[in-house]
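Position chain B relative to chain A; hints supplied.
Protein chains in written order, with our numbering: chain A, 358 to 453; chain B, 457 to 627.
Simulated from the structure, these hints should not be mistaken for lab results. Beta carbons: idealized from backbone N, C-alpha and C, even for Gly.
With the C-beta cut set under 8 Å, the calculated list includes, among others, these residues of chain A facing chain B: (1) V372; (2) Q420; (3) L438; (4) A443.
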Amino acid sequence: MIRINCPFCGPRDQVEFSYGGDGSIVYPPLDADATAWHDAVHQRENIRGLQVETWQHVYGCRQWLKVERSTVDHTIHSVRLAHDGAAMAVEAENGR
Amino acid sequence: MDNFVSALASMALPFKSERLHIREVQCANYLISAWAASLGEVQQQIAVQAGLDQPLAPNMGAGSVLRVEPLKYWWLQAPAPTLEPAAATVLDQSHSKAVVIIEGEASKDLLNRCIPIDLRDSAFNDGALASTVFHHVGVTVWRQADVFWLFMPRTYAQFLTESLLEIAQSL
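So here's chain A without its partners, still in its complex pose (with noise of 0.2 Å):
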């Protein structure tokens, strides 16, 4: 079981969270060619180790985060949330 840090929430087990996929894809401009798009939507890294990813809290807060995790260990190294306006105000918050 892994246990994510939510930033609003707190601890909560992987049950609430939706598994995202890659988050560290870019992707092209609408107008790029088909090759960037095949490389953007299909094209994966199969990382040994630290790998950041998008989960989202769907029982919980709702929101789209942004987690680093270990594919060794699955240790969690941080976790942030996606949306940077929300993140923000939350981390403003939580630092408060």
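This is chain B only, laid out in the frame that chain A set:
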């Protein structure tokens, strides 16, 4: 909220035993959604209109307002607050939830059999709120003093309440 029709009319509520009391409540539920840029202003506005001493912290409720998401609140009484549309939107979702109040010394025992949340006083005290899963269904629990409010999606409310009552029999 007009024309309230209970989703739990066929259930054996209120439930009373020596250690538990479960009853349905009818309450309004206005969803307030702020923007990241307007959150500070909306936090203040909500505190003022709800008569709170300070803005609501994440996952806390006070009076009859709950902070359920970073940018979202539930306002549990009519009328809805007045907010500038540019700062926040207000949506009446009263009919989408069925709500029960659980009280009595076994209320934590009951909820601990249903949701994966640490309900000890040190982790979940007066005002604390958690959205979580109850038998694969998303629910929200709010503690008000020693009373627990359980907000369930209307279409699953009968199923979840049946489970609650079944477990309650054993406590």
